[in-house]
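Student: The chain contents come next:
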Amino acid sequence: MKLLRNPEREVFYFRTRLVAATAVVLGGFALLLGRLAVLQVIRHHDLYTQAEQNRIAKVPVTANRGLIKDRNGEIIAKNYSAYTLEIALDQVRDVERTIDDLSKVVPIEARDRRRFHKLIEDYKRIDSVPIRTRLTDQEVARFAAQSFRFPGVELRARLFRQYPLGETASHVLGYIGRISPGDEQRIDQFADPDGYEGTEFIGKIGVESSYEEYLHGTTGFEQVEITAGGHPVRTLARSATVPGQNLVLSIDIKLQQLIEKAFGDRRGALIAIEPDTGDVLAFVSKPTFDPNLFVDGIDPLSWDGLNNSPDKPLLNRALRGTYPIGSTYKPFLALAALELGKRRPDSVTYDPGFFWYAGHEFREGGPPGGHGMVDLHKSIVVSSDVYYYALANDLGVDAIHDFMQPFGFGQITGIDLEGELSGVLPSSEWKERRFHQKWYGGETISIGIGQGYNSFTLLQLAHATATLASGGVVMKPHVVRAIEDPSTGKRRLTVLSESVRIRLNPRNVEFVRNAMVDVNLTGTGRAAFAGAPYHAAGKTGTAQVIGIAQNEKYNERKVEERHRDHSLFIAFAPAEPGARPKIALALLVENGGWGAMAAAPIAREVFDYYLLGKLPPAGAPAPHDDGVEPVAAASRQDAKVRR
Amino acid sequence: MSSEPIGHRVGPWLRSRLPELDPVLLAVLGVLSLVGLATLYSAASDHPGRFGEQLRNYGLAAALMIAVAGLSPRMLKRLALPVYVVGLLLLVGVLVGGVSVKGAQRWLDLGVMRVQPAEMMKLGVPLMLAWYFDRREGAVRRRDFAVAALLVLVPVALIVREPDLGTALLVLAAGFFVIFFAGLPWMWLGAMLGGALASLPVAWTLMHDYQRNRILMLVDPMSDPLGKGFHTLQAMIAIGSGGFFGKGWMQGTQTHLEFIPERTSDFIFAVYSEEFGLVGNLVLLVLFLALVARALTIAHQAATPFTRLLAGSIAMILFTFAFVNMGMVSGILPVVGVPLPFISYGGTALVTLGMACGMLMCVQSHRKMVQM
Chain A
1 MKLLRNPERE VFYFRTRLVA ATAVVLGGFA LLLGRLAVLQ VIRHHDLYTQ AEQNRIAKVP
61 VTANRGLIKD RNGEIIAKNY SAYTLEIALD QVRDVERTID DLSKVVPIEA RDRRRFHKLI
121 EDYKRIDSVP IRTRLTDQEV ARFAAQSFRF PGVELRARLF RQYPLGETAS HVLGYIGRIS
181 PGDEQRIDQF ADPDGYEGTE FIGKIGVESS YEEYLHGTTG FEQVEITAGG HPVRTLARSA
241 TVPGQNLVLS IDIKLQQLIE KAFGDRRGAL IAIEPDTGDV LAFVSKPTFD PNLFVDGIDP
301 LSWDGLNNSP DKPLLNRALR GTYPIGSTYK PFLALAALEL GKRRPDSVTY DPGFFWYAGH
361 EFREGGPPGG HGMVDLHKSI VVSSDVYYYA LANDLGVDAI HDFMQPFGFG QITGIDLEGE
421 LSGVLPSSEW KERRFHQKWY GGETISIGIG QGYNSFTLLQ LAHATATLAS GGVVMKPHVV
481 RAIEDPSTGK RRLTVLSESV RIRLNPRNVE FVRNAMVDVN LTGTGRAAFA GAPYHAAGKT
541 GTAQVIGIAQ NEKYNERKVE ERHRDHSLFI AFAPAEPGAR PKIALALLVE NGGWGAMAAA
601 PIAREVFDYY LLGKLPPAGA PAPHDDGVEP VAAASRQDAK VRR
Chain B
1001 MSSEPIGHRV GPWLRSRLPE LDPVLLAVLG VLSLVGLATL YSAASDHPGR FGEQLRNYGL
1061 AAALMIAVAG LSPRMLKRLA LPVYVVGLLL LVGVLVGGVS VKGAQRWLDL GVMRVQPAEM
1121 MKLGVPLMLA WYFDRREGAV RRRDFAVAAL LVLVPVALIV REPDLGTALL VLAAGFFVIF
1181 FAGLPWMWLG AMLGGALASL PVAWTLMHDY QRNRILMLVD PMSDPLGKGF HTLQAMIAIG
1241 SGGFFGKGWM QGTQTHLEFI PERTSDFIFA VYSEEFGLVG NLVLLVLFLA LVARALTIAH
1301 QAATPFTRLL AGSIAMILFT FAFVNMGMVS GILPVVGVPL PFISYGGTAL VTLGMACGML
1361 MCVQSHRKMV QM
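In the order they appear, the protein sequences are chains A and B. Quick note on our numbering: the first sequence kicks off at 1 and runs consecutively. Quick note on our numbering: the second sequence kicks off at 1001 and runs consecutively.
Calculated from the structure, these hints are not laboratory results. Glycine included, C-beta positions come from ideal geometry on N, C-alpha and C. Mixed in with the good hints there might be a few duds.
Across the chosen pairs, the derived CB separations fall in these ranges [what the hints assert, rightly or not]: (1) A:V140 with B:V1092: 26 to 36 Å; (2) B:F1244 with A:G182: 50 to 60 Å; (3) B:A1038 with A:H231: 36 to 46 Å; (4) A:D94 with B:S1199: 21 to 31 Å; (5) B:G1049 with A:F148: 26 to 36 Å; (6) A:N64 with B:F1230: 30 to 40 Å; (7) A:P232 with B:I1215: 33 to 43 Å; (8) A:H231 with B:A1146: 52 to 62 Å.
Far from chain B, some chain A residues (derived; all Cβ distances over 12 Å) [claimed, not checked]: (9) N72; (10) D290; (11) W356; (12) P506.
Isolated chain A, as found in the complex (with noise of 0.2 Å):
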């Protein structure tokens, strides 16, 4: 290479390296001038919508949920702030060493950590888990003292739901419960589902589940401005929140309490209701549980006793036992017959104890040698099986169905419950159906005494007595009464005008209620209403619960407890003649044995304090055996031996 001997020419090359710079500083400048308008002009819109999102957080506000009272006011759902201790999954790495460490700090105990992995388990995308809830105070300012040893271990002030009342009427409240992925889909399905953003619980049964979109209210937002670190700056805007509206139950609570307490430790089911109204004033289903136990998840061990128990607590007995309803069917029966010319009032059906149909013999339970001579009044009475077996004979299966289905037997009655059986109104057509046989007449004659192919659910017999005594007029039953505006204090009423109304000759229903009057005063439920000052209109029932040979004595001593009949009777009050029912009701003892003398001092019970204001003696439940002699006007029906 040839020396740059020349500072002239040296100068000139510099010159010239000088210019070449020159370009790559101007060409350098013009990218980034392009740079920056692609990203200010041309990616601004995006860019800037992009910045905004940074900014701005949408911070669900949860409405409160609504309160749940009785017809009385009495609240019987509501909700209470508590501090819970929350382990955010991501931010910890050891979680059983944190909770170890946790339980030096505040009380943790075995329950606790079953439940939060029963939690972690259920609820896959669950991020912030509760180890422990309802902190009391001391223990709140234990951990806020050491808090900052446990990252991700967060203490959150959240709104509880409590039911004071602990067990009673845990059947038609039922219980709100994490929102699991089902009732994702079921939230999808309703009229606002950004309504329920950040909302982590939600009825699961009972009309907390029924009446859900209305006591959920409408989750409100607010526009928060927050900086990277996620801290609130300010608050730019706020969408209201909607508090969730208050249920108002058609429920007595005292009354439901009473009954509760009546059935002692039995199990069974107990509807009332008002027949003006359909309002449903007392609904039990025994044994019970606690729908506290569920609100922040049940832990494993609970639920298995609960789930396992042979006394199912969780079944809703009156909603979803379908039985047979024994005698208590007769006065629809007797109805039936008045109205379908069938009988007269005075026609008389001799008794001897027995009916023969086809070769067979259908025995009764009363006493040796039968009723004798029985009109249709009597058979109410006495509870005659032999005119029911000839009745049912001579009315055939379909003309029964015909006339029972207004009433809503073997139908589903519509109240404001999910999950309600239909249970089976037989025909011929049903039988076809279902197990494609012809209907044989033999199996007419236990119809008439409500076994066979009978199948109703305890709401429907009370639904039925409700409807017979108020003359037919079909009233939907609902538990529900009004929704209240939790802030004006409005009410709105849920069920307003009658549904139906079943065509029936006023003195025909006269008949049938003077006849079931006379029950209680002088036939099978004399005992249990002696002395009362009002007149109420009955009947008892027994269920049989397993086939007995008809040449097998019935033992109660010696048939297990399970295998003992059920008990049931219907009732409405007052019945003296013009004046108008205040309430019906159905109810039933399980295993209970006779219809008299389990269920119907239960019935007296109610009605002595629901027209009265009455209270039984305190203590024990209502009795037993109320000193009736069974023999007397005992009415024991066998279904005949199943083909």
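Guided by the hints, dock chain B onto chain A, whose structure is given.
Tutor: Just chain B now, kept in the frame of chain A:
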């Protein structure tokens, strides 16, 4: 080219006292500093102390600039070798016994103060090379380029070991500019470019993971928007959301809600862009262009090879700082630790820049003296 128009108005007063100060540079630097202070005031609203500290830094930088401007080119030339040698020794010292900050050993604790020797080399290397080529005036041979390359690569290698890739690249660039202006044959330049491109895969394997990530993020910042790409992405959002006119001073949401990382130092350009928009950016680019253009003019007018090379390389160093910083913040260059000249918070960078400008003024005020 000439400073006469401004000189008529502002010049006489300044020249009466400090005739060596260049009025054009002074004016541009004054405006840049005001822009810088305004931006920092907004960016550091949650670090109230920084504004005052930065004022002090400007004062220190101005004092050093005036002091250096008052030197003679001959004096600068004499300082070249000692500065370079001391710088090199300090770089070794850092590697042996430096203070580790955020995983990199860049600081040397001298008892009274901490220094960043790598920062010294941003000016030490061009000074040294300008001195070297000046000595070979009129007789530059091929091996002189080889020697020059060695003089650059030794400190660069030491800085890479710290590791501080950003500064190493800047020092490399500073040295390269001198070699370029000294007359590196175009053929060689082409070959070096080709070689650099070819060695990219090798460089890739030698890089640290975090360095590789920065390059990957450049290609696709959305691949990890909350992790490695977060800085670049948030800076780009800040710039883009500023739009044409910007959100207004103190109104940048990305800035004030802390979405912009390092918003007072390396990423302050994002703050500026968000609040002043494309219009503001245009102003800033014009200011930097004026700065670089003035420096190139000074190089053009310089009297000796030493001052030419020094001024030329300083001009390009200023350009490189500004370009690399704005390029990295706007997402066209990988993230390296380069502050925005005269705007970013930080004393070290300002001191270096002040001295560089002092050197430019020194060269300019001695343009007519022919050195022996």
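Student: Against the structure, test the hints numbered earlier, and report the numbers of the ones violated in rising order.
Tutor: Hints 1, 3, 4 contradicted; others consistent.
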